[in-house]
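Protein chains in written order, with the numbering used here: chain A, 330 to 483; chain Z, 330 to 483; chain S, 330 to 483; chain G, 330 to 483; chain R, 330 to 483; chain Y, 330 to 483.
Incorrect hints may have been included.
Identical copies go unnamed one by one, so any copy, or any two together, can satisfy a pair.
Simulated crosslink set (DSS-like; lysine-lysine; CA at most 25 Å straight-line) [said to hold, decoys possible]:
#, residue 1, residue 2
1, K475, K369
2, K475, K409
3, K394, K369
4, K349, K369
5, K349, K394
Everything labelled a hint here was simulated from the structure, so no lab data went into it.
Number of protein chains: 6
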Amino acid sequence: MSELTHFENGAPNMVDVAAKPITTRTAMAEAIIMLPEPAKQALANNPKGDPLMVAQLAGIMGAKKTSDLIPLCHPLALKKVGVEIEPHELGLRVTATVKTEGQTGVEMEALTAASVAALTVYDMLKAASKGIEIRTIRLLSKTGGKSGDYHAEE
Amino acid sequence: MSELTHFENGAPNMVDVAAKPITTRTAMAEAIIMLPEPAKQALANNPKGDPLMVAQLAGIMGAKKTSDLIPLCHPLALKKVGVEIEPHELGLRVTATVKTEGQTGVEMEALTAASVAALTVYDMLKAASKGIEIRTIRLLSKTGGKSGDYHAEE
Amino acid sequence: MSELTHFENGAPNMVDVAAKPITTRTAMAEAIIMLPEPAKQALANNPKGDPLMVAQLAGIMGAKKTSDLIPLCHPLALKKVGVEIEPHELGLRVTATVKTEGQTGVEMEALTAASVAALTVYDMLKAASKGIEIRTIRLLSKTGGKSGDYHAEE
Amino acid sequence: MSELTHFENGAPNMVDVAAKPITTRTAMAEAIIMLPEPAKQALANNPKGDPLMVAQLAGIMGAKKTSDLIPLCHPLALKKVGVEIEPHELGLRVTATVKTEGQTGVEMEALTAASVAALTVYDMLKAASKGIEIRTIRLLSKTGGKSGDYHAEE
Amino acid sequence: MSELTHFENGAPNMVDVAAKPITTRTAMAEAIIMLPEPAKQALANNPKGDPLMVAQLAGIMGAKKTSDLIPLCHPLALKKVGVEIEPHELGLRVTATVKTEGQTGVEMEALTAASVAALTVYDMLKAASKGIEIRTIRLLSKTGGKSGDYHAEE
Amino acid sequence: MSELTHFENGAPNMVDVAAKPITTRTAMAEAIIMLPEPAKQALANNPKGDPLMVAQLAGIMGAKKTSDLIPLCHPLALKKVGVEIEPHELGLRVTATVKTEGQTGVEMEALTAASVAALTVYDMLKAASKGIEIRTIRLLSKTGGKSGDYHAEE
């Protein structure tokens with residue numbers, strides 16, 4: 330395998346995508362959050378002020394900051410960002426969905442949305458337990474672009 | 330257990346820390362990155378343009394954006410941020426260390442630095458494998474503040 | 330009336346606009362600022378260092394930050410932003426005009442530009458009077474998009 | 330009356346506050362939002378996905394961006410930010426409370442929090458009515474600092 | 330010569346580019362950095378932790394912040410950003426290359442990338458010498474757009 | 330000479346300043362802008378909409394973004410930022426003055442303010458001449474901190 334795409338003559342580079350066709354791109358990513366028992370209880374006891382909605386919003390806003398956070402990401406006009414959080418056997422599962430129409434994919438935007446949402450869950454519940462862990466952050470699927478579609482194994 | 334600290338009468342709130350004493354606070358967090366074989370090879374074949382240094386810088390800069398990303402985090406004058414990346418049996422291990430002198434801790438800053446560094450590793454190597462996964466993001470330790478020191482179990 | 334457009338199954342959502350046609354969109358918003366007498370005099374006595382030009386620039390730059398401030402706003406490539414400030418019987422009147430070519434409107438960008446300009450007027454003159462008030466912020470008109478044109482009543 | 334404090338020899342200036350004593354500063358601001366009937370109904374029909382909580386969070390995050398939005402504001406380490414939204418005869422009333430310990434006041438932070446929360450209410454409900462208006466944004470009170478306390482008249 | 334393009338009736342303005350055709354735009358800018366002898370030696374003695382790569386990344390990320398820094402610049406979807414740093418008789422020479430497809434040029438983005446990279450070189454080496462100077466920042470060339478191509482004289 | 334201060338074991342690092350004493354720090358920087366004849370005339374013909382005030386404000390706001398632009402800079406609570414622009418035999422001379430009370434200096438803030446102001450002058454006048462050049466950006470002086478005062482030679 331030759332040089333990484335983000336490097337040109339050994340120097341980091343925001344690669345030229347001007348010649349690529351504009352296509353619809355989607356990506357979906359997940360984050361699994363392991364909640365120790367005290368954190369689970371704190372969550373269950375707070376139906377009114379919903380900490381998960383804070384995390385959803387943080388994830389959506391985080392997706393819009395992706396090119397500011399990841400040095401070689403292109404700025405993209407995102408057309409849709411959604412973040413859902415549901416119960417999971419370990420605690421919680423975040424799924425983030427991002428769509429654009431452009432010349433480069435939105436995998437990093439989906440992964441960033443899921444990560445920021447998961448970090449916000451940690452922040453909201455850390456008074457109950459500092460042992461909360463994000464156990465997985467991964468790409469679930471992507472569509473569009475030259476490299477074709479991708480679906481992670483179960 | 331009563332209401333979460335980030336809520337007041339059911340409304341989200343950046344809590345009042347003005348009455349807390351100013352102490353030295355440190356936090357250390359880690360992120361474990363699982364690299365599939367093609368990603369490991371791509372990394373090994375790029376000694377010149379070092380993708381891990383890009384990730385280290387992204388992590389350091391990410392720590393400075395924590396209060397912009399996590400809705401209820403206080404803005405803090407960070408005194409030190411360091412990010413190291415070393416080989417790990419699964420692929421790579423990121424450790425982030427943050428220090429401040431203030432009225433609230435830097436756990437979120439360390440976790441954000443580790444997360445952004447890990448996401449940047451994904452971005453740098455994703456052309457080699459979309460199956461890269463962040464397997465763990467967790468707090469390793471914190472010192473300072475009323476809640477006392479914390480050290481994660483091995 | 331059913332669910333709000335920004336929610337999907339009860340979760341906040343940056344809605345999918347990918348299927349919408351790209352059209353020219355404009356919006357105009359106003360802010361009326363009530364200046365107590367000491368603030369009017371301070372303004373009249375400062376012809377050289379023009380505080381209103383500071384407010385105009387702040388409004389233009391504020392429009393560019395709209396999707397960073399309003400959680401569910403799409404990032405948009407703005408094509409024109411103008412902010413004017415003129416005398417008004419209560420004190421000052423800000424009008425902001427924004428244009429784009431895209432799949433969603435620029436009402437929030439115009440309202441944000443007018444608001445940030447008005448807040449900056451407050452900041453520039455607050456040493457003269459803390460009783461300055463923004464009395465109205467409203468949309469004057471919009472054009473383009475499926476929902477059609479809108480013109481506020483006088 | 331002489332030159333405005335933000336100008337020095339006719340040039341805009343972020344004024345020197347280094348010699349001022351560090352004191353506890355608080356400020357409270359309000360925004361009144363007039364909701365036309367369709368917007369009131371849309372709000373009443375959405376108990377699940379709470380649009381007002383989105384606005385509260387936007388206001389809190391907006392307070393942290395004040396020195397980025399208002400050109401001559403000093404960056405401040407905010408110690409507390411809270412935003413409440415309650416029913417009002419015209420529609421809704423936002424109150425924002427900000428606290429710091431520093432050399433300059435937090436009036437602009439409280440006004441910015443109230444403004445961004447009110448703009449977000451507009452965004453959340455604009456599908457129901459474009460005629461929503463922010464009718465008042467004003468400082469309710471401030472404490473701390475050389476210029477003394479301030480309380481707006483009823 | 331009449332009024333500057335950024336002003337309309339004496340007020341600053343982000344000018345309307347909606348009617349302009351979308352074309353491929355490129356720009357290249359340079360910055361020359363004069364390094365006093367101690368700074369040259371510090372650079373030569375640090376082959377491992379490469380300070381120039383930090384500067385390259387800062388320049389690339391800086392290009393993405395151009396419309397946030399330069400008040401009347403339009404936000405642009407950049408398609409490529411590259412920054413190179415090479416030895417020069419005075420010390421170092423930065424060249425930045427930016428490309429977009431849009432309605433306005435990328436001269437400011439190239440100049441900003443070169444400037445931020447040069448400032449970062451200063452920061453990395455200032456412990457060795459505070460006398461480092463940026464001696465030239467200028468546009469080398471631009472292509473695309475109605476005003477035609479431009480190539481600086483040698 | 331040993332390793333650069335920004336590196337620790339070959340890795341970039343935002344160095345630990347927690348143990349340093351808090352002192353008053355000031356820095357002054359300059360930027361010289363060479364204006365070709367058409368740019369000089371455009372400036373002379375625009376007394377009403379003052380392009381230099383736009384540049385001054387951009388410089389002040391740029392100083393506040395320094396730790397966001399320069400990867401290893403500490404975030405600092407700036408106490409004063411001023412930017413002046415005056416005629417110079419080559420065209421214009423920008424001087425930026427920054428003050429803080431903290432554990433690290435404000436040289437980068439002053440240099441960034443001068444650079445952003447100079448880049449904005451380019452942007453405001455580039456319709457008149459693309460040959461405008463920034464000829465010098467340098468530190469004029471600094472005070473405070475362990476390394477002592479510094480004054481550039483004439």
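Taking the hints in turn, this is what the structure says about them:
{"no.": "1", "hint": "K475 / K369", "result": "between (43 Å within a copy, 23 Å between copies)"}
{"no.": "2", "hint": "K475 / K409", "result": "both (21 Å within a copy, 18 Å between copies)"}
{"no.": "3", "hint": "K394 / K369", "result": "neither (30 Å within a copy, 28 Å between copies)"}
{"no.": "4", "hint": "K349 / K369", "result": "neither (46 Å within a copy, 28 Å between copies)"}
{"no.": "5", "hint": "K349 / K394", "result": "both (23 Å within a copy, 24 Å between copies)"}
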